[in-house]
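Chains H and U, in that order, give the protein sequences. Reading the first sequence from the start, the letters are residues 1194 to 1504 in the numbering used here. Reading the second sequence from the start, the letters are residues 2 to 738 in the numbering used here.
Careful: at least some of the hints might be erroneous.
[To be verified] Listed next, the in silico EDC-like pairs over lysine to aspartate or glutamate satisfying Cα-Cα at most 16 Å (straight line):
hint: 1; chain 1: H; residue 1: Lys1300; chain 2: H; residue 2: Asp1311
hint: 2; chain 1: H; residue 1: Lys1469; chain 2: U; residue 2: Glu342
hint: 3; chain 1: U; residue 1: Lys427; chain 2: H; residue 2: Asp1311
hint: 4; chain 1: U; residue 1: Lys100; chain 2: U; residue 2: Glu678
hint: 5; chain 1: H; residue 1: Lys1414; chain 2: H; residue 2: Glu1465
hint: 6; chain 1: H; residue 1: Lys1500; chain 2: U; residue 2: Glu342
hint: 7; chain 1: U; residue 1: Lys577; chain 2: U; residue 2: Glu610
hint: 8; chain 1: U; residue 1: Lys472; chain 2: U; residue 2: Glu492
hint: 9; chain 1: H; residue 1: Lys1430; chain 2: U; residue 2: Glu313
hint: 10; chain 1: H; residue 1: Lys1414; chain 2: U; residue 2: Glu342
hint: 11; chain 1: H; residue 1: Lys1500; chain 2: U; residue 2: Glu340
hint: 12; chain 1: H; residue 1: Lys1300; chain 2: U; residue 2: Asp334
hint: 13; chain 1: U; residue 1: Lys561; chain 2: U; residue 2: Glu230
hint: 14; chain 1: H; residue 1: Lys1300; chain 2: U; residue 2: Glu333
hint: 15; chain 1: H; residue 1: Lys1469; chain 2: U; residue 2: Glu340
hint: 16; chain 1: U; residue 1: Lys577; chain 2: U; residue 2: Glu601
hint: 17; chain 1: U; residue 1: Lys93; chain 2: U; residue 2: Glu678
hint: 18; chain 1: H; residue 1: Lys1430; chain 2: H; residue 2: Glu1465
hint: 19; chain 1: H; residue 1: Lys1414; chain 2: U; residue 2: Glu340
hint: 20; chain 1: U; residue 1: Lys100; chain 2: U; residue 2: Glu111
hint: 21; chain 1: U; residue 1: Lys577; chain 2: U; residue 2: Glu587
hint: 22; chain 1: U; residue 1: Lys453; chain 2: U; residue 2: Glu537
[Unchecked claim] If you only want the chain U side, here are some residues facing chain H, beta carbon under 8 Å, derived:
hint: 23; residue: Ser305
hint: 24; residue: Phe310
hint: 25; residue: Trp523
Hint data in this document are derived by calculation from the structure and do not stem from the laboratory. Ideal Cβ placement from N, Cα and C applies to all residues, glycine included.
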Amino acid sequence: MNSSKFQVPSSRFAKIQSVIPAKGEIQANRNLDPCLREGDGGKGLEQLPRFLMICSCLLITWNLELGTRYSHASEVFNPDLLRIGVLRWGHGQDYDPYPTVWRDWGKAVESATSIESDPVIKDLIRPMPDELSRHGLVLWVSGPQFQSWTSAQRVALRNWVLLGGGMLLVIGSEGLKALPDRNEEAEHARLRWEMEQIFEGKRLEPIPFNHAVFRAFYLVKQLGGVLQRGRTLEGIKIGERYGVIYCRNDLLGTLLRDREGRYLLSCYPGGENQRKESFKLLVNLVVYSLTGTYKQDAIHSPFIEQKLRRQ
Amino acid sequence: MIRFILADGILVIGAVFSVAAAGMILWHSRRRLHSRGAWWLLSGLRLLALAGILAALGRLEFSWDRTTNTIGPLCIFVDQSASMAPYSGELKSALSSIKRWASRERAPLEWYGFSATLEPTPQGRELEMIKGREETRLGHSLGLLRQRLGRDGTALILTDGVDTDDQPPPSLGIRAFAVLFGAGASSELEITQVKFPRAVFARGEAPFTMTLVYPQGLRDLLHIRIRDEKRGELIWQTTVTLSGASPQTLDLTLTVPKNVGFKNWVIETARPSWDKEPANNRASITTQILREKLRVLYLCGKPSFDYVFLRELIRSQTSRELVSFVILRNPEDAPPYGESELSLIPFPAQEIFTRSLGEFDVFVLQDFAFSRFGLPPSYLDEAGRFVRSGGGLVVISGPNMRQSPEYGPFLNEFLSLTALPQEPYKTGIFMPAIHDVSWWNEHFGIYPDPVKNLNFWRDRLNSTYAVYPFKFLPGSSLNSKEKPLLVANFESPDVESGVYPALATAKLDKGRVAWVGFSGSWLWKVRGGAMAGGAELYDAFWEGLFSWVSGDDSKEQALKLSAERQGDGRWRLIAKLTPGGSGLRECTILPQGDKVSLHERVAGSGIYEGYWDSEAQGPPLRARISHRGQQAEAEIIISKGRATEEFRAARDELYLSSLTSLNGGAILGQGTEWSEEVPQAYAQRLLEELSRSSASGDASGSARRTQGHDLTTAMALGAAFLLLIEWSLRRLKGMAP
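Make a model of the complete structure from these sequences and hints.
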């Protein structure tokens, strides 16, 4: 399938239904991460009677808990390697719309940098203290279905960022399903409100392009993503670092490929250059979470400025 | 007695012109005058007139009395205060020498005693007996002398010290010279005073002054050094020039070393060949070295949560300055985009390891493989030198380091650690065992109660770690000052070789080195934060380790000790301890080993007092004070008061030096130098001054000056009269020309 078919946003969602990753691919991915086994629960829910649906939900939740516990007990977690916590919310797989992109992201980081990532790069977690306490970087992939966190979850996230020094990365997603009545602005406003609730009035602020996030490894000059909904990153500063970074654009979707390795979602309006910037930013976000304000140190500035001037 | 005074060059010029004129007169007259008698007469008159003019120009002096002395009287001014009593023998000898010299030189002497006031003494013999007065008011007495003389004069003051009344030395119009008695300070080299700042900044500059007393007029080079006696290390040294103006205050500047804490140092001079007593060539200095900023260099082999969390912690204190380098790309990494898309900078390894390392206080080396980047293993030797020179090194293990063979000798030598490359690194949940409980409690103290503190740590240390297998073999280290210490280790049933070191420390010369054998401490902080149970574990561990490795934990105490012999034979010990502390201190006198209890004089003052009842004849030499496990040791200053006497002597000498120089004189050495004979140099100086005063100021000089002026006038008039006769003869007799 040629990714050029999806250059017009209005027709994109209808066609994209047919390129949902094959079951075998998801299965392969599941081998990497035991936490993915709850993924089956999302399919065909609409056909079930209401009581069966409720029972299924309860069963899925129970299975998830068991699975999570089991996975925690058996997995060999190495704190020296990169593993990203991914927040679960709502039902189904809305919190992880592209389950196959994680290894690509990990490979992109590993091949370019000295960072070593865990074979189990993704760890699905709920925003609860005991699950957050194993991660330094947690990703919250937002979507149209997201409603809100509970107050206990908000407190846990707040404590983890403010006291624990963790970094929360909030990334928007276009998803694979067509939602004609989707109000992205309302979603964005709800997400901002949620983050302000979590961090008790701290507001998101635009992150300038000369910040260390945009220079952590690559020199990122513009914000990538599937669609360019936002022009720059936003963040909440905790001390000198950004404890929360919010990207409206769907960065992860730019990594999504089919079986043959072709990109599934085309980027609009910047095309492949926009994908490239997205790729670079994804690597930078990981490097930033592991180096902090390193690239703001005085020793780097002259080199970087000189390089930028040459361009 | 007839003599010329060559007051100025006019005489010389006049003489030259006169000789020329006389030659012309003789030549001219011989040609013109035919009568031989007239020639002789006129020539004689002209030459006589010329001689008269010459004598007038040369201020010819004339005296009929050959026995009259031409130098003024010398006023001998003897200190009659009680403090001179110990030096009565010296004084008697000095006075006899002065009398002999005065008789030989026909210098008249006038005798005065002084204490509270001036006491004229006709013969001077009674001055040899000290009256034992309380005061020594020199300035006042010299003022009275000036009034009594009613003229200029020269005074030689013999004293051991004076009451200055905090007044500057007066200018009296009398030339004043002084001979010093007592203290013996200026008969040899002695450090009389050192003013050193109580606190100085590490690596900064500390200006201080030092006052030296040595023989007047002596010029020499002197080597001065500051040593830390306890550590046996040289702190600073310099060479100064003795200008000859003793006492000399030197303005010096010390470059402060980087090791912080209270310091007991000794400042001393090298013993010159002319010095008699080396014991007074040293003084103690107590100061506190403060750190302005802790400079940290952090080199990390790869980005990791351990790096970013520790980086944040280091940067969280404004008192720390961080320079860090993280290897973002290994040689085998291949980013899909070109170099122009990357923000990477070259790692300045050579600059850091060969030039800049010494500028830092702490070097954190985390999971960095030198061989992977083709860097020479000798850079690790630089790290070793950095530690030996007083730096702090924290080595954090990791997979890169484990695979780097260059670390083998380094870790073995400094920390008794041996890598176990055959064993894979372990990850999982471990419970580190605290091996050295006292060290742990001392440096990682969250709670003051040691049991509670230990239990707290044991509860929280159970966590996920990546452990890198090393073996700790105590005693194999050759270079450590003290044996390396295994503070904590990992014990796990699946570990074949027993235990893996988690934290090991060692002291190496002036510096310290710590080894952290695991990754994952960042999880302590994340867990503490997420659980809202406080993240103090992480901060306490790393702050404690930084504090230890940088030497900021130094609990050394500054100690100053003095001892004074009491009337009942006991020694009264006074100790000044910084920082102080309430209660009783036990002091051990060395080398005797006797114990003395010291009580604090005033609560919180840090000044303690006690008595040592010793049968030994000698004074106590050193003492050691213990308090809460810390020990301070210092040399005892015997203040019988040697120290106070020395200070007083130096102060009085300074006053007398100012007084004499202000009144056209100088200090003419010590009384002991005058016991046999008046020293030649001083005698010469006195004669010159007396002659000058006689020529310009004193009574007989004044009379002679009047006589001299009259003679000059008479000579001038006589010359004019002779020329008039000569002219009249020529007119009357018609002699030409």
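Going through the hints against the structure:
1. Restraint check: the Cα-Cα separation between lysine 1300 of chain H and aspartate 1311 of chain H comes to about 11 Å, which is no more than 16 Å; the hinted pair holds.
2. Restraint check for lysine 1469 of chain H and glutamate 342 of chain U: the C-alpha separation of about 11 Å stays at or below 16 Å, so the hint holds.
3. Distance check on the hinted pair: lysine 427 of chain U and aspartate 1311 of chain H sit about 14 Å apart at the alpha-carbon level, within 16 Å; holds.
4. Note on lysine 100 of chain U and glutamate 678 of chain U: the hinted pairing holds, with a Cα-Cα distance of about 10 Å set against a maximum of 16 Å.
5. As the CA atoms of lysine 1414 of chain H and glutamate 1465 of chain H are separated by approximately 14 Å, the hinted pair is consistent with the 16 Å bound.
6. Between lysine 1500 of chain H and glutamate 342 of chain U the CA atoms are separated by roughly 9 Å; this keeps the pair inside 16 Å, and the hint holds.
7. For the suggested pair lysine 577 of chain U and glutamate 610 of chain U, the alpha carbons sit about 9 Å apart, so the restraint of at most 16 Å is met.
8. Straight-line distance between C-alpha atoms of lysine 472 of chain U and glutamate 492 of chain U comes to about 12 Å, which keeps the hinted pair within the 16 Å bound.
9. The suggested pairing of lysine 1430 of chain H with glutamate 313 of chain U holds, with an alpha-carbon distance near 14 Å, which does not exceed 16 Å.
10. About 10 Å separates the Cα atoms of lysine 1414 of chain H and glutamate 342 of chain U, which keeps this hinted pair within 16 Å; it holds.
11. Restraint check for lysine 1500 of chain H and glutamate 340 of chain U: the C-alpha separation of about 10 Å stays at or below 16 Å, so the hint holds.
12. Between the alpha carbons of lysine 1300 of chain H and aspartate 334 of chain U the distance comes to roughly 11 Å, so the proposed pair stays at or under 16 Å and holds.
13. Restraint check for lysine 561 of chain U and glutamate 230 of chain U: satisfied, since their Cα atoms lie roughly 14 Å apart, inside the 16 Å limit.
14. Between lysine 1300 of chain H and glutamate 333 of chain U, the direct Cα distance comes to roughly 14 Å. Compliance with the 16 Å bound is thereby established for this hinted pair.
15. With a C-alpha separation of about 15 Å, the suggested pair lysine 1469 of chain H and glutamate 340 of chain U falls inside the 16 Å cut-off, and the hint holds.
16. The suggested pairing of lysine 577 of chain U with glutamate 601 of chain U holds, with an alpha-carbon distance near 9 Å, which does not exceed 16 Å.
17. A distance of roughly 12 Å separates the Cα atoms of lysine 93 of chain U and glutamate 678 of chain U; the hinted pair therefore holds under the 16 Å criterion.
18. For the hint linking lysine 1430 of chain H to glutamate 1465 of chain H, the alpha-carbon distance of about 31 Å lies beyond 16 Å, and the restraint is violated.
19. Note on lysine 1414 of chain H and glutamate 340 of chain U: the hinted pairing holds, with a Cα-Cα distance of about 15 Å set against a maximum of 16 Å.
20. For the suggested pair lysine 100 of chain U and glutamate 111 of chain U, the alpha carbons sit about 11 Å apart, so the restraint of at most 16 Å is met.
21. Restraint check: the Cα-Cα separation between lysine 577 of chain U and glutamate 587 of chain U comes to about 13 Å, which is no more than 16 Å; the hinted pair holds.
22. A threshold of 16 Å between alpha carbons decides the hint, and for lysine 453 of chain U with glutamate 537 of chain U the separation of about 15 Å falls inside it, so the pair holds.
23. Residue-level restraint check for serine 305 of chain U holds (minimum Cβ-Cβ distance to chain H is 6 Å; threshold 8 Å).
24. At its closest, the beta carbon of phenylalanine 310 of chain U sits 6 Å from a beta carbon of chain H; the interface hint therefore holds under the 8 Å criterion.
25. At about 6 Å, the closest approach between the beta carbon of tryptophan 523 of chain U and any beta carbon in chain H falls short of 8 Å, and the interface hint on this residue holds.
Consistency with the previously given hints fails for number 18 only.
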